[in-house]
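Peer 1: Listed below, chain by chain, are the residues.
Number of protein chains: 2
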Amino acid sequence: MSTIKRFETAPTQFQKVGDIPIAYREIGAASGVPVIFLNHLGAVLDNWDPRVVDGIAAKHRVIVFDNRGIGASGGLTPDTITAMARDAIAFIRALGFTQVDLLGFSLGGMVSQVIAELEPQLVRKMILAGTGPAGGVGIDKVTQVTIVDMLKGYLTFKDPKHYLFFTTTANGRQESGKFITRLKERTKDRDKPISIRAFRTQLKAIHAWGVQQPSDLSTIQQPVFVANGDHDRMVPTPNTFDLAKRLPNSEIKIYPDAGHGGIFQFHNEFVAQALEFLAR
Amino acid sequence: MSTIKRFETAPTQFQKVGDIPIAYREIGAASGVPVIFLNHLGAVLDNWDPRVVDGIAAKHRVIVFDNRGIGASGGLTPDTITAMARDAIAFIRALGFTQVDLLGFSLGGMVSQVIAELEPQLVRKMILAGTGPAGGVGIDKVTQVTIVDMLKGYLTFKDPKHYLFFTTTANGRQESGKFITRLKERTKDRDKPISIRAFRTQLKAIHAWGVQQPSDLSTIQQPVFVANGDHDRMVPTPNTFDLAKRLPNSEIKIYPDAGHGGIFQFHNEFVAQALEFLAR
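Residue numbers (the working numbering), protein chains in the order written: chain A, 121 to 400; chain C, 121 to 400.
One or more hints might be untrue.
Pairs count within a copy or across copies, as identical chains cannot be separated in the list.
[Unchecked claim] Okay, derived cross-link-like pairs now, DSBU-like style, lysine-lysine, Cα gap no bigger than 35 Å in a straight line:
1) 365 / 298
2) 136 / 272
3) 278 / 136
4) 136 / 324
Just so you know, the hints here were simulated from the structure itself, not pulled from any lab data.
Model the full assembly from the supplied sequences, consistent with the hints where possible.
Peer 2: See below:
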């Protein structure tokens, strides 16, 4: 139960799943169907845009967590999206929830799809941002894009998220700066960084997802809101259209002059659309 | 000729070498034997610590430049240290110099050694920092260390130079922050970043240097001042001792609780020692 209104001040808590402590933060409404946030490659609790968390938490109970082996959570990251989905399900059940909404971003959106396939009764609605279906175009290139953009960041004295999450237009550059500043707003009780070993294991899982056969997403009957920027280079934007086509009960929003971090760049619009979608 | 006193305000100039414009900045004394700065992997003009440039320029004419294919310079970077040395020699001669001092840092220190071997009469004295001899221990691991530290930077919301150039002690972390801030002091007329292609070619050249047979540095009769931090992970510190042993007319300074960027961390001490060495 939480009545904390701002992500910045939400304490990091731990929920044991079996023997393993899983790190999470809870904010927003004290009751109702919670919205579980599922995070991206390399990300820990502090990688969520506080505007998006606070925005959704204005109307919903929100839980952000580090899956097994990530950030301050114990255990080791598994090397498949399916195993990550099983870990997330175990965490959700350990918190006592029987029905949740999922907000999955990038890798988290892949994990969300598998959760809905494995445990359809657990999921009420899903928001999938900057993500794609198994076998989606260009997903097998995530490692390459990530390393090149890290290099680019290093050589230009910039955080690689400028390149990985945003366009390089004047507008994109300005918005990326604001996003990176927002990620540093929290100064106390910041999360532990993900280990390089866990990061590499995540890359392996994403690569396998990128080259595997697409699964039949028509079995996912829940309402799904898919969103992305129009110039996502990490999980290329055609994947978002592909998802919308494969998911029978979906709607789509594509943000202009925006990359992988489109929902962070357009956080006002995205939060309003997500709240409307969840309230319906 | 220059009477500009601060690196921050030194304009970027161009010297044609054959058909190729080479970018450089000149500050300090208007005459005397110039000190040519040779730069590190991935570096452009803006990667020099302004305190070190200004410190040496207080007593000497200083030239910093982008070798062929780097930053704003034209042409393509060659893939061997020897070819980089020939490019540097051509640039020095194009400026009309017949005798220079060299300050070579990391990759630039490798290039400096070859310049002294190829054109002994051109070099009066050398300062070699954070560098090693051909075949030096661990130099073949530079790519791996660089990529791991870039990843580490990305995952900890920090510039990878924190890890590549400094120790992770409380003192090292504080000094790295100051260094990175100094590199951003210049806001106008900043250099063009190095291309990823050029960076990869430099890595190839450094790797070849790391696995090649050591050359006979006893032929280098000039006075050489070798310096480094005591915990250099990029070009491991034993290389500095190795250099001092191989160079018949050398002296050595190792800075405590310091990494690859030891001369930047200890810029006051280093500048004083370098000036004393050059004045002798």
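Peer 1: From the Cα coordinates, with 35 Å as the cut-off, is the pair residue 278 and residue 136 best called within, between, both, or neither?
Peer 2: between (38 Å within a copy, 31 Å between copies)
Peer 1: Go through the copies and call it for residue 136 and residue 272: within, between, both or neither, with a Cα cutoff of 35 Å.
Peer 2: Between copies, since 28 Å is at most 35 Å while 39 Å is not.
Peer 1: State whether the alpha carbon distance between residue 365 and residue 298 is at most 35 Å within one copy, between copies, both, or neither.
Peer 2: Answer is within: at 33 Å inside a copy they meet the 35 Å cutoff, but 51 Å across does not.
Peer 1: Evaluate residue 136 and residue 324 at a C-alpha cut-off of 35 Å and name the case that applies: within, between, both or neither.
Peer 2: within (26 Å within a copy, 48 Å between copies)
Checked against the numbered hints above, the structure violates none of them.
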